[in-house]
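Enquirer: Here is what each chain is made of, one letter per residue.
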Amino acid sequence: DTGVSQDPRHKITKRGQNVTFRCDPISEHNRLYWYRQTLGQGPEFLTYFQNEAQLEKSRLLSDRFSAERPKGSFSTLEIQRTEQGDSAMYLCASSAGTGYSYEQYFGPGTRLTVT
Amino acid sequence: QKEVEQNSGPLSVPEGAIASLNCTYSDRGSQSFFWYRQYSGKSPELIMSIYSNGDKEDGRFTAQLNKASQYVSLLIRDSQPSDSATYLCAVEPLGGATNKLIFGTGTLLAVQP
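In the order they appear, the protein sequences are chains D and Z. Taking this note's numbering, the leading residue of the first sequence gets 1, the next gets one more, and so forth. Taking this note's numbering, the leading residue of the second sequence gets 1001, the next gets one more, and so forth.
Be a bit skeptical, because a hint or two may be false.
[As the list claims (entries may be wrong)] Estimated spans, in silico, between C-beta atoms of each pair:
(1) Z:G1029 x D:L55: 12 to 22 Å
(2) D:P70 x Z:L1075: 14 to 24 Å
(3) D:T113 x Z:S1008: 16 to 26 Å
(4) Z:G1016 x D:T115: 41 to 51 Å
(5) Z:P1010 x D:E83: 27 to 37 Å
(6) D:S58 x Z:S1020: 28 to 38 Å
FYI, nobody ran anything at the bench for these hints, they're computed from the structure. Computed from a prediction, not measured in an experiment: that's the story for all the values here. Backbone N, C-alpha and C fix where the C-beta goes; we use that ideal spot for every residue, glycine too.
Please construct the entire structure, taking both the sequences and the accompanying hints into account.
Expert: Listed below in structure tokens is the structure:
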């Protein structure tokens, strides 16, 4: 069973450019989450998918951010017109969505640096 | 008041000692609680989950939950230098259909050889 994978692992971009990140969840996990983590802070929730439906978006997710999960498999997170404040680690997690609760397993993350 | 609070540390313990990490949360209705370990530059790794009051043991790790006091802790017995990392407490708030997690800022643990 391979874990959650994310691509790319690192991304350096210039302010104003668009970037897209990909997340492949653990197979058969129907729940997928995106979080953002900055230095010295815990991860902050961005958005959640159950299968292909995006069911919740944090107010942290401005209109420059968009996420998709076509066919309920992998997910993409796009940031348009990047700003320096977008520099962070973007983490994807998945869970099976069964049982009493839903343990979330994180991927390795994509570290974004906006110059 | 932050939703999930942790002492940022660093918490320094000698090798072989018990490390005690603490976390308080504000949402009294929270149902699920998790401890993650995060090495510098890496992503969080799930260590323990706990849902009921009391203790839950897994190897050298014991999670303790007291919902009345809104307090959850993690004990690491026989601490090893490889346990040196940031430990994140995460809480699933009441009423969420998405099971999103609210994280504390983490406690940095340093185990001295």
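Enquirer: Evaluate the given range 41 to 51 Å for the C-beta pair formed by Z:G1016 and D:T115.
Expert: holds, 45 Å
Enquirer: Tell me if the beta carbons of Z:P1010 and D:E83 are separated by a distance inside 27 to 37 Å.
Expert: holds, 32 Å
Enquirer: Cβ-Cβ distance between Z:G1029 and D:L55: within 12 to 22 Å?
Expert: holds, 20 Å
Enquirer: Could you tell me whether the CB distance from D:T113 to Z:S1008 stays inside 16 to 26 Å?
Expert: Since D:T113 and Z:S1008 have Cβ atoms about 24 Å apart, the given range 16 to 26 Å holds.
Enquirer: Indicate whether the distance between the beta carbons of D:P70 and Z:L1075 respects the range 14 to 24 Å.
Expert: Since the Cβ atoms of D:P70 and Z:L1075 sit about 44 Å apart, the hinted range of 14 to 24 Å is violated.
Enquirer: Within 28 to 38 Å: is that where the Cβ-Cβ distance between D:S58 and Z:S1020 falls?
Expert: Hint holds: Cβ distance 32 Å, inside 28 to 38 Å.
The structure shown violates just one earlier hint, number 2.
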